[in-house]
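Chains as they are written, first to last, in my numbering: chain A, 48 to 398; chain B, 105 to 362; chain C, 105 to 362; chain D, 1043 to 1457; chain E, 1043 to 1457.
Hints were generated in silico from the structure; no laboratory data involved. These figures come from a predicted structure and were not determined experimentally. Note that CB positions come from ideal geometry on N, CA and C, so glycine has one too. Some hints could be false.
What the hints assert, rightly or not - A few chain A residues that face chain D, going by a derived Cβ cut-off under 8 Å, partial list only:
1) S81
2) S241
3) D246
4) T248
5) I253
6) P262
7) G273
8) A277
9) K283
10) K286
11) T299
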Amino acid sequence: GGESGDTSAESSGAPSAAAGDAKPGKIGVILPDSKSSARWETADRKYLQEAFDAAGVQSDIQNAQGDKTAFQTIADQMITNGATVLMIVNLDSGTGKAVLDKAKSQGVATIDYDRLTLGGSASYYVSFDNTAVGKLQGEGLVKCLTDKKADKPIIAELNGSPTDNNATLFKQGYDGVLQPKYDSGDYKKGPDQSVPDWDNTQAGTIFEQMLTQEPKIAGVLAANDGLGNAAISVLKKQKLNGKVPVTGQDATVQGLQNILAGDQCMTVYKAIKKEADAAAQLAVSLAKGEQPQASGTVKDTEGNRDVPSVLLEPQAIFFDNVKDVVADGFVSKDELCTGDFADKCTEAGIS
Amino acid sequence: MSQGPILELRGINKSFGPVQVLHDVAFSAYPGEVTALVGDNGAGKSTLVKCIGGIYPIDSGEYFYKGERVHVSGPRDAAALGVEIVYQDLALCDNLDIVQNMFLGRERRSGLVLDEDSMEEMAAKTLAGLSVRTVKSLRQHVSSLSGGQRQTVAIAKAVLWNSEVVILDEPTAALGVAQTAQVLELVRRLADNGLAVVLISHNMNDVFAVSDRIAALYLGRMAAEVKASEVTHAQIVELITAGRSGELGLKNGNGAAS
Amino acid sequence: MSQGPILELRGINKSFGPVQVLHDVAFSAYPGEVTALVGDNGAGKSTLVKCIGGIYPIDSGEYFYKGERVHVSGPRDAAALGVEIVYQDLALCDNLDIVQNMFLGRERRSGLVLDEDSMEEMAAKTLAGLSVRTVKSLRQHVSSLSGGQRQTVAIAKAVLWNSEVVILDEPTAALGVAQTAQVLELVRRLADNGLAVVLISHNMNDVFAVSDRIAALYLGRMAAEVKASEVTHAQIVELITAGRSGELGLKNGNGAAS
Amino acid sequence: MTTETLPKQENADSALGGHVKGYLERVKGGELGALPAVFGLVILCVVFSVLRPAFLSAVNFANLFTQGAAVAVIAMGLIFVLLLGEIDLSAGFASGVCAAVLAVLLTLQGWPWYLAVLAAMVTGAVIGLVLGSLVAKLGIPSFVVTLAAFLAFQGVVLLLVKDGTNISIRDETILAIANKNVPPVAGWIALIVGVAVYAAIQFVQARRRAGRGLVATPVAVIAARVATLAVVAGIAVYVLNLERSRNAALVSLKGVPIVVPLIVILLIVWTFVLRRTAYGRHIYAVGGNAEAARRAGINVDRIRISAFVICSFMASLGGIIAASRANSVDPNTGGSNVLLFAVGAAVIGGTSLFGGKGRALDALLGGAVVAVIENGMGLMGYSAGVKFVVTGLVLLLAAGVDALSRKRAAATGRS
Amino acid sequence: MTTETLPKQENADSALGGHVKGYLERVKGGELGALPAVFGLVILCVVFSVLRPAFLSAVNFANLFTQGAAVAVIAMGLIFVLLLGEIDLSAGFASGVCAAVLAVLLTLQGWPWYLAVLAAMVTGAVIGLVLGSLVAKLGIPSFVVTLAAFLAFQGVVLLLVKDGTNISIRDETILAIANKNVPPVAGWIALIVGVAVYAAIQFVQARRRAGRGLVATPVAVIAARVATLAVVAGIAVYVLNLERSRNAALVSLKGVPIVVPLIVILLIVWTFVLRRTAYGRHIYAVGGNAEAARRAGINVDRIRISAFVICSFMASLGGIIAASRANSVDPNTGGSNVLLFAVGAAVIGGTSLFGGKGRALDALLGGAVVAVIENGMGLMGYSAGVKFVVTGLVLLLAAGVDALSRKRAAATGRS
Ligand SMILES: Nc1ncnc2c1ncn2[C@@H]1O[C@H](COP(=O)(O)OP(=O)(O)OP(=O)(O)O)[C@@H](O)[C@H]1O
Ligand SMILES: Nc1ncnc2c1ncn2[C@@H]1O[C@H](COP(=O)(O)OP(=O)(O)OP(=O)(O)O)[C@@H](O)[C@H]1O
Ligand SMILES: [Mg+2]
Ligand SMILES: [Mg+2]
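Work out the full structure: start from the sequences and follow the hints.
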């Protein structure tokens, strides 16, 4: 353990030496987990780190691994370590509020990143709109079903973790689109289950059982690409992949490849770099003791206040615009267009 | 001595799965007398004792105590009647010390708190009476005791209480010369004080030295219950090894357990 | 009989934490002879045997086998030398059956596979030779055996092998009359076949019946090692209980363990 | 020495009737073997079939095997560690690590499947070696060692699959393991060969024992056993060979899933090891009484280490099956409830956490209970909260049936 | 009967010197008590202090207590179940259920805090009663019962707090438990009273034993013990009474966190129960040899059930502390690694999973190790994967120090 400890001490020590004379504060970032979504560790951490380093501000980015206690412990430790700006992605509003209040009481500026802490005291909020993500998924599924000219299709919903509030928000989004269709009889509501911990293996079993119970499923609303892939692998056994549209989220390599292969209908791309850059910009100016301006506000229903906010728009990705994700640099062509996918990439206009 | 038995069993049957270990066994113990229970290895002596103590449920048969039919469905029932038993397999808690083992289940308290001091005193006295001199400390875990020391603790544990029936299953097996003498003396003294004592032993000298009656088990059947004064050493050995001896014993000598 | 000892210990010390159990003990066993090891409860007999068997590491002292100094750091070393021991606490695996216990660690195989049949045959023969008649099946778990039956299994397990030294720690404690006779006969026969046998027992009759030499431990010190023919019953009992008897024994009788 | 031999007590009634009577008496006397677990399983199946007829379909029957395979395989390995009275909390994530190694080598490095599989299995064995050595040589309690490993492996999986992404598996051979079936004909052939070999072994063995004058199983009993095996396995193969495609014109889906023969082979191998080799005997001995085993000259440390090696090795196989089934590996592979379900499967099957008692078959029986519960609950369509609650209750029901039947039996004296 | 009494072997050298010598010999001989765990803890603290000086700050010291409190309290309850050789996998989620009950009653139903707390504690006790009865009366292995409960409670929490949302706690009293401090003066007073009472009890006891002629602790030894306690506790109180606000003008932050006296009281109560009452004695007896306990007339079933009740009750306290610290309850409360860390804490502290060996203090020592690791790792700033791996390795290090010192001691003969 000693060796790796040393190297880490260096890596976080390096920027401190570089920024030694400017004396801006230190920024602490707490990410929620690495399992609900691929983005936190692969994208957010990278982009934030780059932005902070570019600005020459010291930073400490940690991940709470879905553990609330760890989340608070990390916050305590960051303040102990001298952070002056704290940016959090809360695991839930309660812990989030506890952390924000404690930070505020010690004179630490705070930013809610991606998730708004209801009743909290964050100075700023930067996010994608999660209900909007769900809405795009719902609309995407409708589009694919319409393309397939499905007649009164039965829809299965494979929701995210029951303990994750975002999953609830996504569901609000897509149910907002699908419910009217169910009500009108255009679509038929099929099985609807949540996947604990966003666990792909369990998702496989759950979807397999949905299909056993309701063999005529004609559309799958999967809450992210991992769940989508689990559904696709079950469909493959019956050679139904590509015939039954499946949705996703996060624009992972796996999800995009499934789209290129025609097995997945769509995914939702959240230009995380934009979100990260916006948040980093706020954080850096706070660390330098400035009072940055935000573009808009969001209403915190519980705390009954308007939180200065930067909101970003998610984007639906279908076969035709996979190239947008590559162009954005979110995934590289090398990782996406391996082996069999090279042809598909050409077909999809990725260069 | 013309008193009736304090403890009486009739027609006891006991099987372990397909193996029947006790066949229609009758057994009695009388106050003021030492009854020796003898039998070959595997004859069923310990099983009979465990049935008396409520460790094993009996399959069928009757259990009388002071002339009344009772149901003993666990060790607590037996203890409540006033039957105290030293089992052959001792049953001590290795993770407790000597004093703790001796008072287990019957701790002395003052208020809520255990009265360790008086327990330690009583334990020391009882052990000293059994010629134990090599125990380093009463606060030693029993796991660190020698075979004979363990056995002494088990005996001391049983005689500490005012019970009416004391059953000792091979109590002197691991004991030294002096300790054996003490235990035999103790057995005799308990009986003289009016208790009913049952002694299981393979040592015929000991059996004849202290016992008033002898009951011999043979392959799970009671071969004979006789007065010690009316039989010889050799007769008992014959009863043990063959199930009968002349007039005495099982009518059908080949009554092997099926 | 003028042969040197096959097993010889010198100056053995052994402590358990603050308690010293063996003080500077010397002990020898001679081929073709039965050496009885006697002593009061807690004298240290079993501890000495466990030191010989490599169960306990010795604190200091020398261990000679066939005149050569050896280091025994575990039971495997002792077995490799050719020392076979029946421990007082038997050490059987309750979840295995009789045959499995008897051949534990030395299973017979044909190829990769265990040769169950020949093991069962051999086990049956050995047990029969020890007068065991009440065992229902050789495939019974040892947990379901009576005290005497367990002891017989442990003895049978040890004598099954061609070893040069056999040590029996109170082997007849739980045995019946017939079985005890068989084991004593066996002990004598092993010695007559040239093996060195060490017998621990509290029964002086048995000790004098079979042994050539007697070693008496007193509170962890070796009080005397004498020829059985040169001492009397009473002298040995004195050695056991007081540590000395006339000329024999510890010079300083009050050598209590500190 | 007298040379009287033990009476051959049971030879008298070695006819079929006597044997059946003996069996019934043993059952009554508490030697229940697999009965309670099977009984619990049957009750579960009946309940689910009544509530959801789809439960009884051929598709679902086939699903059961692929769904339960990974947990059952991991449980089979855990049996070895449990037999010693130890525990391996890291088996779940060890399977995740091995699956991640497989995926990285296969998809990112482009290794051929057999080398990648080999590497995954070697990874498993090495993990076991390290864990076992820490437990046996340093004497750290296995709970703590494997708790540390549980945490560390979680990190290793994250590092291997690059923090939160999924690695897809596209190799056809690997994908086939959990997703493809054996051709129906091959299924029948394997069945016939298997039953024949079983019969032959039983007969030869009985003949040899009878020849030596030992108690032998009567021919009639062997015939009955062989017939039972043939019928049960035959029905299973028959059902699995039915067409279960939703659209038979499009794709034909029939035959025994490939994981089934895989599991059967593992079951036979480990049952053989535990019951017929000296090594297996020593595992039981160490679990029953480590001190007695040591005194008998068994190298207890080596037995301990080897058990952990087997456990982690089997975890690697479980990981490969899981990866194949999910078509991908993610940081949750081997996580969430995999470990608890695997240990639970072993315990429900009848393995003791205190060591010394258990069989390879337990993993399968208990694994079947767990798989049936998961499968059945998946059909019920409850909301997440209700589903958790009902799953817990159903598990309790299955275990309760088991415990009650054992308890009734124990009342007659056995423990 | 001869009336010679046992020689009073140790009275001769009852001076301080002799006692110290005796203690050193006992340590050498393997009676290590708390030493190895303390030793592991010290090593951890030194390592972290060197790598991250912030580890040594007063703030961090105070954080340690609130961070580790919930796990330590749950572990303290688990000790009872572990002492019997049983396990309670559901303790974590039981704490979640109780926390959820608290939150629902407090925030949604608007109950006063004392009634809500009472309801949460009663919930805990009832849970324990049910689990214990299933284990003791039906004889289902506790692993299976509590695995079922683990699943079911997960569902109950979800149902109580409604899928994925969470319930905030706003009651000041409840929030104070894990977030506020005892006034510095009160801390000093409590310290002085505590040390005085301890000293008094020790002296009275020694006097009484000496009066009866039993081996008693010499006065010098008692004085040394009291002095040690006073110094260690004094330093702790002193450090916790330092100002640790980053901005003292804005808000003053000093004093012993409220959870500390809470935990100390629980520790004293359970230590008293285990060491000084017949009930505690019976717990050890059942854990050491259930059959012997039964034969001694102990009602084994009742002991089993009560241990589960205590365990779940303590889990409810842990849940209340966790809810207070998080200012809210969500479906993950009591989930993730809470259970494994709690059991791990008990085992690291020296409690055996096989029963019969353990103390209430173990939960605290082990809990401290776990808390220090979590706290220290939080300061290191590793990425998720690396952090998991390093945490595992550090845990292994702490346990390894412990195991090695025990092993060295065991070489002299004790086990
Ligand atoms: N739990 C059990 N299951 C099966 N058989 C048992 C069980 N307990 C005892 N037996 C069998 O019952 C018979 C009688 O055993 P028991 O212990 O009563 O003998 P015993 O007379 O006490 O012998 P010993 O003198 O050797 O102590 C033995 O053959 C033994 O194998
Ligand atoms: N592990 C241990 N820890 C502490 N003391 C022990 C340990 N083992 C044995 N002793 C002590 O050592 C002494 C000798 O024990 P040992 O078992 O050798 O006696 P023994 O001569 O075999 O007696 P017995 O005739 O009763 O079997 C006893 O006083 C015992 O309490
Ligand atoms: Mg007996
Ligand atoms: Mg001895």
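Hints, verified against the model:
{"no.": "1", "hint": "S81", "verdict": "4 Å, holds"}
{"no.": "2", "hint": "S241", "verdict": "4 Å, holds"}
{"no.": "3", "hint": "D246", "verdict": "5 Å, holds"}
{"no.": "4", "hint": "T248", "verdict": "5 Å, holds"}
{"no.": "5", "hint": "I253", "verdict": "5 Å, holds"}
{"no.": "6", "hint": "P262", "verdict": "5 Å, holds"}
{"no.": "7", "hint": "G273", "verdict": "5 Å, holds"}
{"no.": "8", "hint": "A277", "verdict": "6 Å, holds"}
{"no.": "9", "hint": "K283", "verdict": "7 Å, holds"}
{"no.": "10", "hint": "K286", "verdict": "4 Å, holds"}
{"no.": "11", "hint": "T299", "verdict": "6 Å, holds"}
Of the hints listed earlier, there is not a single one the structure fails to meet.
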